[in-house]
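> Quick note, the sequence shown lines up with residues 1 to 401 if you use UniProt numbering.
Honestly, the hints are just simulated from the structure, not real lab data.
The beta carbon of each residue, even a glycine, is placed where N, CA and C say it ideally should be.
Please note that a few of the clues may not be correct.
Unchecked claim - Just the calculated beta-carbon pair ranges, DEER-fashion:
(1) Ser376 x Tyr22: 18 to 28 Å
(2) Asp297 x Asp100: 46 to 56 Å
(3) Asn306 x Ser102: 24 to 34 Å
(4) Asn306 x Gln90: 19 to 29 Å
(5) Asn132 x Gly344: 21 to 31 Å
(6) Pro86 x Asp25: 47 to 57 Å
(7) Asp303 x Pro86: 30 to 40 Å
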Amino acid sequence: MLATMNDYDAAKKWVDRNVSVYNFDGGVNIKYVAVGNEPFLSSYNGSFINTTLPALQNIQKAINDAGFGDRIKATVPLNADVYNSPSSNQVPSAGRFRADISDIMTQMVNFFQQNNAPFTVNIYPFLSLYGNKDFPIDYAFFDGNSTPLMDNGIKYTNVFDANFDTLVSALKAAGVPDLPIVIGEVGWPTDGDINANTRYAQRFYNGLLPRLARKQGTPLRPNIDLDVYLFGLIDEDAKSIDPGNFERHWGIFRYDGQPKFAMDLSGQQPPSQLLVAAKDVKYMPEKWCVFNSSASDLDKLADNINYACTFSDCTSLGYGSSCNGLDANGNASYAFNMYFQAQGQKDMSCMFQGLAVITTQNQSTEQCSFIIQIDSPADFHASFHLFNLAMLLFTVVVLMF
């Protein structure tokens, strides 16, 4: 779609359909239009280098021409891999934009400055930990237990500050030292990896939110009110897991609207904005689809588990995940039940060639939850996706992919 937006008429039509129509008194409070999402990831091998900036320019022009340019800004959410410090001097003050995109990044940040638009970056301390087995785990959090990184007399006690200030240095080197920065995504997953769990997620947010409330800023940009968007609200059970099984587990709420852990969004004492659980949630009957221990044709078991996991979410079974401790029968039961619940508990969805049976005995363990689907008067899949759409409408960012 970025290539399509290189044509101004197409960009204008997109803004008319996706921005102007919602921009009225009492409508959606749109602050930013995100043009693409992390288009310069190293793994994309430059696929979007030539189309992103023209698309950005056309979208902003279309917004301006629609009369909203003073309060709606086009930006490009970028992954933190667009900047780095040289291997010989890995400190924030040495931050520069990645060599292969330095020219296009310089043009882009100057465009942001000319239009009073922010630089948007997604910073994930979890990914620093996930991608490096030697990464000091305490450095991913904010409680000061890590060995600090020293940079010209500045002490960095967490990777968030160090990452942010590496960007600040890169912006300075590009000639826009005061360009505003928005954190487009930050969060911690709760399943799908040995370091993705509710304990670490709570520790991360309990450190991040009070810092934001204090308007503490970072060493190179102290005492500022950072604009930060948490990622995410609920889990996404159909999201690609190419980066890792954790990708489906960024939500701070369970699938049924229950908070995964206690969390105060105000970041202040006493707590004033605790997460509120969804009320009057109606579940389907208390029944589960599990492995049939009397089954004899076990040669078909692997194929049936694979089928169940292809059309549902089995990422909690992975190494270090919440259901990793189940035995072989438990693994099969978990897979079968996830499919069964995803299909709205239809009897035919618990066949698996005679390898499964429906039970009214909850198979959950202390660590591993065998879910019961939410009851819905309409088709589950349709209602599920509509629920996700409703959640998206609460955001102030319109994403254009």
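> Hint by hint, say whether it matches the structure.
Outcome of the hint check:
At roughly 27 Å, the beta carbons of Ser376 and Tyr22 sit within the given window of 18 to 28 Å. At about 54 Å, the CB distance of Asp297 to Asp100 agrees with the hint of 46 to 56 Å. The hint said 24 to 34 Å for the Cβ distance between Asn306 and Ser102, and at roughly 45 Å that hint is violated. Taking 19 to 29 Å as the suggested C-beta distance range, the pair Asn306 and Gln90 does not conform, at roughly 42 Å.
The beta-carbon spacing between Asn132 and Gly344, approximately 42 Å, falls outside the hinted interval of 21 to 31 Å. Between Pro86 and Asp25 the beta carbons are some 51 Å apart, a value that agrees with the proposed interval 47 to 57 Å. Checked against the given bound of 30 to 40 Å, the beta carbons of Asp303 and Pro86, roughly 50 Å apart, lie outside it.
Hints 3, 4, 5 and 7 from the earlier list are contradicted by this structure; the remaining hints agree with it.
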